[in-house]
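K.L.:
Sequence:
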Amino acid sequence: MKKKVAFICVHNSCRSQMAEGWAKKLGKDVLEVYSAGTEDYPEVKPLAVEVMEEAGVDMSEHNPKLLTDIPNEMDIVITMGCNVQCPTFPSKHREDWGLDDPSGGPIEDFRNTRDIIKGKVEELIERVNNNEL
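In terms of the UniProt record's numbering, the sequence shown is residues 1 to 133.
Keep in mind that the hints were calculated from the coordinates and are not lab data. Just so it is clear, CB atoms sit at the ideal spot from N, CA and C, and this is done for glycine as well. Don't take every hint at face value.
Pairs of lysine-lysine residues, derived as DSSO-like cross-links and limited to a Cα-Cα distance of at most 27 Å, are as follows [as the list claims (entries may be wrong)]: (1) K3 <-> K24; (2) K3 <-> K92; (3) K65 <-> K92; (4) K25 <-> K2; (5) K118 <-> K4; (6) K65 <-> K118; (7) K3 <-> K65; (8) K65 <-> K28; (9) K4 <-> K65; (10) K92 <-> K25; (11) K2 <-> K24; (12) K4 <-> K120; (13) K28 <-> K120; (14) K118 <-> K28.
Across the chosen pairs, the derived CB separations fall in these ranges [unchecked claim]: (15) G81 <-> P42: 19 to 27 Å; (16) P90 <-> P46: 17 to 25 Å; (17) I116 <-> P46: 16 to 24 Å; (18) M1 <-> P90: 26 to 34 Å.
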């Protein structure tokens, strides 16, 4: 049975969208993947979409979602490193990845964030496969 995982940040426009993209691509056999934010935002950051496309992950159809747009119980909740109070969301396991938001920075910052998130998603999938989560 797949584990339900939600990646949560403030705007759901960059880091949590990248994590959703990687998790859907790399963990489709073991994860049911969602992402959401605590505040409304008009679009996924174009540089986030661009750097994920470079890595073979299509996020062109992704849109920011709010917490109310996703199921209200998860097996795993991962916050991305909130600059404000991270939201409380019902889950069996919760962790914060403490990632800096590359928004407003150069494309290289987005690429670095993309690669860090990929590694963290791979570790998450391994932990799920090993029944650690």
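K.L.:
All hints are to be evaluated individually against the structure, with a verdict given for each.
P.N.:
For each hint, the structure was consulted:
no.: 1; hint: K3 <-> K24; result: 12 Å, holds
no.: 2; hint: K3 <-> K92; result: 10 Å, holds
no.: 3; hint: K65 <-> K92; result: 22 Å, holds
no.: 4; hint: K25 <-> K2; result: 14 Å, holds
no.: 5; hint: K118 <-> K4; result: 18 Å, holds
no.: 6; hint: K65 <-> K118; result: 21 Å, holds
no.: 7; hint: K3 <-> K65; result: 20 Å, holds
no.: 8; hint: K65 <-> K28; result: 20 Å, holds
no.: 9; hint: K4 <-> K65; result: 16 Å, holds
no.: 10; hint: K92 <-> K25; result: 23 Å, holds
no.: 11; hint: K2 <-> K24; result: 12 Å, holds
no.: 12; hint: K4 <-> K120; result: 16 Å, holds
no.: 13; hint: K28 <-> K120; result: 15 Å, holds
no.: 14; hint: K118 <-> K28; result: 14 Å, holds
no.: 15; hint: G81 <-> P42: 19 to 27 Å; result: 22 Å, holds
no.: 16; hint: P90 <-> P46: 17 to 25 Å; result: 33 Å, violated
no.: 17; hint: I116 <-> P46: 16 to 24 Å; result: 20 Å, holds
no.: 18; hint: M1 <-> P90: 26 to 34 Å; result: 18 Å, violated
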